[in-house]
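So the protein lines, in turn, are chains A and B. Residue numbering for the first sequence follows this note's numbering, beginning at 1 and increasing consecutively. Residue numbering for the second sequence follows this note's numbering, beginning at 1001 and increasing consecutively.
Derived from the structure by calculation, the hints contain no laboratory data. On a predicted model such as this, the values are computed, not experimentally measured, just so you know. Backbone N, C-alpha and C define an ideal beta-carbon position, used for all residues, glycine too. There could be a bad hint or two in this list.
To give an idea of the interface, some chain B residues facing chain A are shown, with a C-beta separation under 10 angstroms as derived from the structure [to be verified]:
no., residue
1, G1016
2, A1108
3, E1165
4, A1207
5, L1223
6, C1319
7, S1321
8, P1332
9, R1357
10, G1371
11, N1407
2 protein chains.
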Amino acid sequence: MSFMAPLLDAEIIAIGTELLIGGRSDSNSLFLADELGRLGIAVRFKSVVGDERQDIVTAIQTAVKRAQVIVMTGGLGPTVDDCTREAVAYATGHRLGRRKEALEGMTARLLQWGRIPNRAQLRQAMIPSGATVLKNPIGSAPGFCLTWKKALIVSLPGVPREMEEMVRQEVVPLLRAGTKSSGRLPRSPIVRQVFHTFGLAESDVDAKLKGLIPNGAPVDLGLLASPMGVLVSLTTKGNQSVSEKNRDLLQKLVHDVRSRLSDWLFAEGRDTMEEVVGRELTKRGLMLAIAESCTGGLIGHRLTQVAGSSAYVDRGAVCYSNQAKTEMLGVPTELIARHGAVSKEVAASMACGIRERAHVSVGLSVTGIAGPGGGTETKPVGLVYIGLDDGTGRPITREFRFHGDRNVIKQRSSQAALDFLRRWMLDQVPT
Amino acid sequence: MSFMAPLLDAEIIAIGTELLIGGRSDSNSLFLADELGRLGIAVRFKSVVGDERQDIVTAIQTAVKRAQVIVMTGGLGPTVDDCTREAVAYATGHRLGRRKEALEGMTARLLQWGRIPNRAQLRQAMIPSGATVLKNPIGSAPGFCLTWKKALIVSLPGVPREMEEMVRQEVVPLLRAGTKSSGRLPRSPIVRQVFHTFGLAESDVDAKLKGLIPNGAPVDLGLLASPMGVLVSLTTKGNQSVSEKNRDLLQKLVHDVRSRLSDWLFAEGRDTMEEVVGRELTKRGLMLAIAESCTGGLIGHRLTQVAGSSAYVDRGAVCYSNQAKTEMLGVPTELIARHGAVSKEVAASMACGIRERAHVSVGLSVTGIAGPGGGTETKPVGLVYIGLDDGTGRPITREFRFHGDRNVIKQRSSQAALDFLRRWMLDQVPT
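So that you can see chain A by itself, here it is in the shape it has in the complex:
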């Protein structure tokens, strides 16, 4: 294996006018960056184009100049606006023709659903000449790949489940085999470590990590702030010759990041706050009940995103009205009258109330003003109280003052509540 072997860069081309317009989360890129990175192939560019044949052609022409692996997603459906097949054929100078193996796979799939291919769906079996058909084990649209101008062009459906399965079953083995036989070597695996923090501003995280990376070290530090906290990433640049050294350096840096971020760090990698909280609850044998006001059910929703969460989430009360707080949780009406529904006293009472009614070990509560209306001079929009009660008679509370719109305040409140619970568990003597 020569040090000078050409390294492989990848470009993702996502196709769809709706994607161009945005507004949706792009999970495909996350998945592709991971899978390709594991093979040592770096995703350097991502292009998004609408369902216009000429624009897709331009994107392909641009991509082959700067990437050796081009993964196209979308535009393989049966409807008229799906024109990826035509665009690839046109750009690479191949003809489209109906392919037996594509038709068979699709027909078999539709048959399982008790359907026969209609005329529109038959379009999906049209594949550029010279391309290899990639089976779709989940949906009806087959994919394909071909080599053009020294680049491998892979075309896959945009539906995440279909795309992911096809990458695992078809594309990864192909890339593995291809990079071996062609002498075109991928880099050593690109190692990427992600850290999730909550409670620090981006500039504070930046300050804590100042001077972390030695000058000239082949590791990139990335920061990204969102309402859910600041994400920190370390990524090796991936280079055949220094991979061993890189790995040691990364190891050291990971340790440094952990110690510098201490307990602001709540998760690493793909782990989420709700998974971390779930594991900690399980480890301690705790059963949780939640009382939500301004978050409206978001905390319950997040906790129950985790498979098996019924083992530690008993119930939740969404108490939007004051009457609901009294009837569902037993918050005294006088307490609300005296301190207001958004107060540490009511947060404490809500946490106790839900814990007692659910007969569980821990009650967690949130009450706040999500806005845009409802704020006053003393209780502005963004004022949020979190309460936690474990039945020892001393519920604990914390005040937060968040900025942002209604959605941001709800998101941050849910994250703050789960983080409060996480930190409380860490402070407990382990059983």
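Place chain B on chain A using the hints.
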């Protein structure tokens, strides 16, 4: 105004390694497509690049070949990985220098927060020579714009609130003035109409809309399926000479789409299911309470995303355990034992229970198996029952069988429940 005047195309370049890796929703593109479209400028391409100077340079060089308006977002922060300033200067052959107006704006902003600029933040005042500084009315990083190779390059922060305000206050007036004085005309406004459907498969929507658009008509039809339903869009191609005719045609097509999709169509434009349901509840003076099992709080969360929802959402119960269903809603234990927690009988009982306990007009319930575990042969993962009770003694229920992972099943269940409520309201005699 000449028909031959050059039309303007736009490209968005989003900068950030974390964006390249994906996994987050890109609201910036949605906003930019809207704002530019209103000026008749079509977003044709979107490029995403990491925080690598050379890759940003390549993206700029590619963009100027195919777009006349280039909007770059991100990479203007104070941290070392923010290198958009350097990349623009390098690509366009300008020098970077600290600019008085950039420094003043930033210093004033930080002063408001009781801070003075630190050394890292001073980098944010470095602007390519010849560029115009764009004020940031919200954050500390100024933007800038300059003309290069006949394209207008605009560089803005990636933080949505900052980017949006700067586009409104600085970029839109600039584009208006520029397109007027230069004789480079934008197209007539690109009109885009979006329709949201639920309950039909993409191929069924496609079939219903077959032959909608006359041959050669300058309108594009787009379809996009997601767990929340199928989105349909009509977009005029925007052409100075036929704008009047286009508008009439679009009007007619909008009518056609509405009638073909009938009540599968639940919203148009940026409207969401939860907003539609909120308006219908308000119109009818109804107060709602929700009982959720498998959705875990998602329905409550979605309804309370709407400002002012406290006027029609009283409370919600998240009853994950059977005991919670009995204690919070009064679902008889025998009923659960006889029919199982996931049954139409329990769904009906949950809806009645929450309605009675909340003393409200409508109770809505969901119980189902979100998976991946918990399914049986007769009750597979994805089996979901929705219940609705209005106190007339005849709760109504409906069975659904969804496919997908836990998250997809939760999302679809919440959408199905809200749609069930919406359709029920439409069937009521208006008061």
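For each hint, the structure was consulted:
At its closest, the beta carbon of G1016(B) sits 7 angstroms from a beta carbon of chain A; the interface hint therefore holds under the 10 angstroms criterion. Interface restraint check: A1108(B) against chain A, minimum CB-CB distance 18 angstroms, threshold 10 angstroms, status violated. At its closest, the beta carbon of E1165(B) sits 13 angstroms from a beta carbon of chain A; the interface hint therefore is violated under the 10 angstroms criterion. The closest approach between the C-beta of A1207(B) and any C-beta of chain A is roughly 8 angstroms, which is under the 10 angstroms cut-off, so the hint is satisfied.
The restraint placing L1223(B) at the interface with chain A holds, with a minimum CB-CB distance near 6 angstroms, inside the 10 angstroms limit. Because the smallest distance between the Cβ of C1319(B) and any Cβ of chain A comes to about 6 angstroms, under 10 angstroms, the interface hint for this residue holds. With a least beta-carbon distance of about 5 angstroms to chain A, the hint placing S1321(B) at the interface is held under the 10 angstroms criterion. Using the Cβ-Cβ criterion of 10 angstroms, the hint placing P1332(B) at the interface with chain A is not satisfied: the shortest such distance is roughly 17 angstroms.
The beta carbon of R1357(B) comes within 7 angstroms of a beta carbon in chain A, closer than 10 angstroms, and the hint placing it at the interface holds. Residue-level restraint check for G1371(B) holds (minimum Cβ-Cβ distance to chain A is 7 angstroms; threshold 10 angstroms). Nearest Cβ of chain A to the Cβ of N1407(B): about 6 angstroms, under the 10 angstroms cut. The hint holds.
The structure is inconsistent with the numbered hints 2, 3 and 8, although it conforms to all the rest.
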